[in-house]
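Please take these sequences and the hints and turn them into a complete structure.
Protein sequence lines, in the order shown, are assigned to chains A and B. Using numbering that gives the first Met the number 0, you'd call the opening residue of the first sequence number 0 and step up by one each time. Using numbering that gives the first Met the number 0, you'd call the opening residue of the second sequence number 0 and step up by one each time.
Read the hints as simulated data drawn from the structure, not as lab findings. Just so you know, even glycine gets a beta-carbon here, dropped at the ideal spot from N, CA and C. Heads up, some of the hints might be wrong.
[What the hints assert, rightly or not] In silico contact screen, one side only, chain A against chain B (beta carbon under 8 Å); selected entries:
(1) Gly32
(2) Leu129
(3) Thr161
(4) Ala169
(5) Gly173
(6) Thr180
(7) Ala193
There are 2 protein chains.
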Amino acid sequence: MDGNEPMTSRGRRTRARIVDAAADLVFERGAAGSSLDDVRAATGTSKSQLFHYFPGGKRELLAAVVACQTERVFDAQRPALDKLDSWAALRRWRNGVIALQRQLHCAGGCPIGSMADELAEHDPHLRSLLAESFATWQSYIERGLAAMRDRGELRRDADPATLALATMAALQGGLLLTKTTRTTRPIEVALDAALAHVRSFAASSR
Amino acid sequence: MDGNEPMTSRGRRTRARIVDAAADLVFERGAAGSSLDDVRAATGTSKSQLFHYFPGGKRELLAAVVACQTERVFDAQRPALDKLDSWAALRRWRNGVIALQRQLHCAGGCPIGSMADELAEHDPHLRSLLAESFATWQSYIERGLAAMRDRGELRRDADPATLALATMAALQGGLLLTKTTRTTRPIEVALDAALAHVRSFAASSR
DNA sequence: TTCGGATTGGACTGTCAAGTCCAGTCTGGT
DNA sequence: ACCAGACTGGACTTGACAGTCCAATCCGAA
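So, in structure tokens, the structure goes:
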């Protein structure tokens, strides 16, 4: 993250292994609950390697974890995320999110949301990285809605950016409540409400 | 929380002072970021007092903090929260939430939501307390919507509980995004969408 | 007044985590 | 083969934090 990344292929693999394991740990136990020793143990590396690849220590490692988790989250929603441009696609996406939560027994919530909640007040740099992740995520939704509007499925006065932001908020809030109550109902209700709101901008019929 | 609460009035005051300061600290720095020594220093108490009033240590103190923060959050929304039974009241509530965020420079998010995010996976007992707080909060909204339905302002097929849950999710997600982006726009958009969704169940006209 | 329990002060222990340091090993290019 | 720099192992330092312990003080009821 700070320009000191060039390295050999062995080094690249080691670094990736570290980030990957750290991402797992942070998702399971939070950033504060994951020590560098935990990461060390989980990867079979040594303290010096952690600081070799992340001279900035835990903060720099966490920055890499944010990037890693962001990619993971997006990948988990693909290919749906790239084509949210029809009512059917939106519904499939909704169902996918809910199915994943069910599969995880409603634990963990959104990896990005959890990190944001924990780290936003604590580290300005990480906060802006996480805001960036949210913005990118929102832009995927926005792109789909814009396509629907251009195609005439949404009214011209529908604002894709605003609708996408409202949908993101519903998603995050729904996931937080689902994680807290250990029930899929909040995420279901939240996404249904968000999509109903989008649908209220449907052109003409329905 | 465990039945060992009876004490003199001096003791009650001390205990309240501890919980109050702990609630402040947890809101500012998170549960993991607030040490018992911080609480001790902030209250001018001693270690033994902390364990005298909270034999269960930090966990028990955090349970008390959850209760305290829950009351604070509800109080901050009163009297609006008790009378969310008209379109005007809903709008006033929305404006109040947003004004508070602006006043806090978009920092901190929802105290309850933040604790839930941080502690839900970590401590089952705290998780259920936080779920309870959310449920109570939701019930305030539900009560108002039910009154509106009974009064004929909402259609009979509108489900107050579901609408309240969707509104809570939008609120929590909006606050998380506001805290992360340091902008009031997410909470504004999220609440507007949620209330628009409620309004889509308005009886007849409008 | 006097006594017992409530309350308080603060030193002390054990554990754990971040970060430093240096010596040793590997690797790729010449 | 050889060497500079990348990479690795692991001991060590420093500090923080949860939780323990015991002696001292306060206070209300008898």
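Hint by hint, work out which the structure violates, then give me just those numbers in ascending order. none
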